[in-house]
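Colleague: Reconstruct the complex from the two isolated chains, following the hints.
These protein sequence lines are chains V and A, in that order.
My numbering puts the first residue of the first sequence at 10, with every later residue one more than the last.
My numbering puts the first residue of the second sequence at 66, with every later residue one more than the last.
The hints are simulated quantities; they were obtained by calculation from the structure and are not laboratory data.
Certain hints may be false.
Examples of chain A residues lying across from chain V (beta carbon under 7 Å, computed) [what the hints assert, rightly or not]:
hint : residue
1    : S331
2    : A379
3    : R403
4    : E406
Quantities reported herein were computed from a predicted structural model and do not represent experimental measurements.
We put the CB at the ideal spot given by N, CA and C, even for glycine.
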Amino acid sequence: MEKMIVQRGRFYQTFDLTAQGQAGVVIGRGFHCDLILADSFVDVEQLRIVMVTDQLSPSWQVSLLSMTNPVFRNGVMVKGERVELKSGDRLTLGRTTLQFFAENHAIPPTDRFVLSKWLTHHSIGPMRALLAVIAIMAIALLSQYLTHYEQNQWHSFISGTLIPPGIVLVWTCFWAFVGRLLRGHTLFFPHMFFAALGACALLMLWDTHGYVAFVTNSEWIALAADTLVFALVAGVTLGFQLSLASSLRHVFAIGIFLCLSLAVVAGILAISNKDNWTSRAQHNTALKAPFMPSPPGMSLDAYISDYDNLVQALPSQAP
Amino acid sequence: MGHLISVSGARAESPSVLYDRFRGSVFQIQVIDKGSANKTSIGSGFLLDGHGLIATNYHVVSAHIHKPEQHHVRLLEQRRGLLDAELVAFDVIHDLALLRVSDLDASPAFNLASSVPEKGDRIYALGNPLDLAMTIIEGIHNGPVESARYQQFLFSGSLNSGMSGGPALNPDGQVIGINVAKGQEQISFLVPVHFLKKLIGNIPATLATADYHQLIEADVRRHLSEYYGKILADAWPLEPLSAYQLPDSLDATVKCWGHTLEKGKSLYDEIHRHCQTQDSIYVSQDLSIGYFSYDYSFLRSGGLNSIQFYNLLAQDFSADGFHNATQSQVSTINCRDRFLEHVFGKWRVTSCLRRYHHFEDLYDSTLVAQRIDLPLSSLRINVTLAGISLAHLKQMHHRFLEQVQWKK
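So that you can see chain A by itself, here it is in the shape it has in the complex (with noise of 0.2 Å):
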């Protein structure tokens, strides 16, 4: 592989090059816990300007955000150790965080790209990989994932936890993405660079711990109403399951997976399809907002009668679990049961709902609903929906139970 750097073109420096240009621009960001003075997360993080600007990712510091009064933030410079850092703005739904240490005396800065790298073009990620060594991990930019949320870059190279917040940069040397997450081997995630410009554009001039909650609402029930807005907004694409016509993948952020089950020993027909999101907001530790899945299921008596078939389907209908979430962040849940006469077939319903005590008009919910009408087929449709409004919840089951379609 050697030879395939050198033909890459002249101008592009080897890693060891930029290694050695920038070695002094990353820094390990630490998150002290104030109780026992040692450190409860790391990451990594750049430096954005000659006054102390550093850019890490927001999960890097969410113990900062949530507990401000519990932990400080602090930048582990090599020549004279830790030196604290004061947030100064972040975005919730891109992971992004801007870091000030005022009294910092490093150099260069990093620029920012200004395009897109091509598919296929080498990039370079620099951080610190489980409080080991700054280093240098070479892979190849994969551009942007279709079906995430919100936009990120595949990076096909091995990002490992503690690099989150480093640059990957060009052959160049400029920054077009963060390091933010890793999938699988090989498979990583970054943030693309122009959310970070978007962000250091909208540096406010303070910013209070105490409006570090309302900046995370805000920014997370704008992105989640703009999601169920474009969602409701678009026809919903029917693809047949049986004699059903069922909605189909909602959104390129939206798998769908299936399969039946053959009926060589079993008595019955079984056919799946699940759709599920990829991904969700990370809000804090143990919070993460924005799942979306939903499910069909296709029962079809072979050789039951209908009260071992009545006997199959109660023994699977049940709601789906919520995703966890402490007792402090949502209230208990409450349900509720009824008979559903639909434009066909009648249905056993239950609809499940919590609250979200620090998020306003926000809800986790969980609907299931099995056609009980015929003595020998049925159909159960789950659907979860995790933070989402009143309104638009209402919507959405509304149109998942309106939509399906039947013919004999």
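Just chain V, with the same shape it has in the complex (with noise of 0.2 Å):
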């Protein structure tokens, strides 16, 4: 049997599609209708849904009955006499939402990536979460390690490694709360779960840093590099934990957006509170990049008499 789910926010209800000869099934605002939608953007009599049947196969064809507000198919305009309804279609009216499901509805095959089932919140429980949190700890360690120079300084290496999770989980609980107002879902192992792998890629491309200023001799793409690095991580992640704990739709744009944003804000009120006159040498300070080789180097007369173009450079008037 077809079935019609007809959804209104968050609200839904499925019923059961019946052929009704000639008349089929009229929707609309009227209480005559055979489906009676409380919507006050919808007609009395919105549409007729009827079986076809003088096919080889039959079919369901929506005929609007009112032209005052318009209906959608699948985002786009009805606008002819007679539409055929396909399986999995979408009709919008007024505020409402109305999906066709015929009886053989084939189930595309997924075409999401491999962790996408693994990434739905009903699946990540306290197991997954407290693995991407011991995933933090252990590459917070690694980059304790990598940088300590004294011996004796376990309490740099424990506090070292204990404050990334420890902002995951305040981080984490700001999240449930949010869900729990918005939503009235908690879902606090889904949250602390996609903020840990989070903070494991920002803690991870950290680096970046001295790689891009190596490459490009400029600190300045190097930190336009950060600013873009920490904003698709950090938007990615705040895209999640949107789509867990608020109905918003675009999350990943909203998250993207929201990061750009605050990043260029406090690039501006960076580039404003600065003295751009300094008596500091603001030069590249990567000494080569990491784990790479570093690249063949110029002899000491080529360097010294390159000073002429260095003193060119230099502004010769006073601002």
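Modeller: Structure representation (structure tokens):
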């Protein structure tokens, strides 16, 4: 039997569609309709759905009974007299969405990436969240180890390893609270899992700066790359958390947009506060790119004679 | 100590006699801000002849020299109050200035000593410290300062600000030097009187305010050019630092210090040597030129792996800061980062330069070079030259990098 899902906001109901001869199923706001929609943007009689049996296989068609309000099929306005409905089609009228499913609705094979199931929130339990937190601690410990120069610095090891998961925990609590308020679901462990994955990515990408500064020989480009990496990673993480905690759409775009705006505002503040005249030389402090052999060097004479160009590039007039 | 004075000779006069004799010939010099009609700086000065020629320090009147349209120079005479003084000559290098007060009626003029006192001789300095009162202080002459960039006498006594420009006298009452600066407790400096004699001999016929800057520029550039020219002409002494042979003190004016961090708790060795000049040329309140320093830092891993050691190096790789100057005096800084292939090993080298706007062909520079081809040891060289011509700068940097020697 064909099904029709009627959805309004977060609430939905499923109906069975039965063929009713030529009259079909009339949908509208009027009390005489077969399906009554309490939606002030829907006409008294808005549309009719009939089963057409004069073909080889029966099909379902929609005809508009009123042109006052537009009806959209899969986001495209329905213009003609009659439109054929396919299984899975989504009709939008007023604030209501109707989704039509034929009895033989074919579920298409998934084209989403392998992790998608792994990332759906009902499959994320405490175990996965805990593994992600352990991953952050491992990465933090490794980075502490690679930058430690003194013996007996166990307190810095311990604090350095505990601070990232601590931040993740506070962040998780915040989002769990937001989710509780907006959706009535805490979803603590899914939030923790995504926050921890985001933190892992940020910790690992920390050294991007060194590479970019080295390759482009410019601190500014490195800074821009840093900002972009931050906005992408933090934005995607934020997107997952928004999708869990709210009913917003386009969560990843919103997340990336928010993080990018934040970075741009921070950048503008930093630039406007900065005295651009300084007695400290701003040079590229990357010795060489980490884990890469250094490129061939120039001769001392060539280096020194290049000073003429360096001097040429200096501003010659006081501002 | 009282009996020592009586031993020092019959002709020597006691401080009270000297003070009585010269109290009318030492004056307070005030630089008056025309806007507020109040003094912005004070110093002392003393009478040189019967026509109102006064000697003082360049730095006492430098506010007038840099902004003559904003500042008057006045002399405070005890009976007649403030009198206008006119600048007739100055010597920025040795920090001397000559003023003329045309209607000054004072005596006696000071005599300039023809001989340098012996080390250990008792001398007396006159001046008006902190605008309190004209004072006389007693101290010991301790001869020329070996490490001074331009010759100064060491005076073991307590000069204070405001006494600058006052005379330092031998017990006969002859001027042997001009008060100029104080170091620390009981360490003060005098400008030897022969520089004053030279300045008196070279008083220009007229000194227009428009010429002030050109005179400063010419003096400063001549001095710097002679200074670096001499250093470059000399052979540079090399001293070992671990497996390296590195230039040590290049000149008497450069002093070197060193220390080694021993490996009790840390996982690497660190040996430093730091050399710098003791003084620079005072040009104005916010500009001193001529600072020169270089230092070496040798690092060797004890227990660090090569990634940890690399992170350690990367953390410290930065050029020294420039000395302060204002935006109107110097340009922004331009840096160049390169890899350098040396006779032995490979280096990461960064040079940063900025230009002086009001001094032709004069630059501040810092150089930092870090050896990067050895996984577990490295040498970093920092060279800071504040105020140097491009030609000398290239030669200095070339020589610093060229003269490094290393044996496995």
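Colleague: Now tell me, hint by hint, if it's right for this structure.
Modeller: Hint check:
1. S331: Cβ of S331(A) sits 5 Å from chain V, so the hint holds.
2. A379: holds (5 Å)
3. R403: This hint holds: R403(A) lies near chain V, its Cβ roughly 6 Å from the closest one there, short of 7 Å.
4. E406: holds (4 Å)
No hint from the list above goes unmet by this structure.
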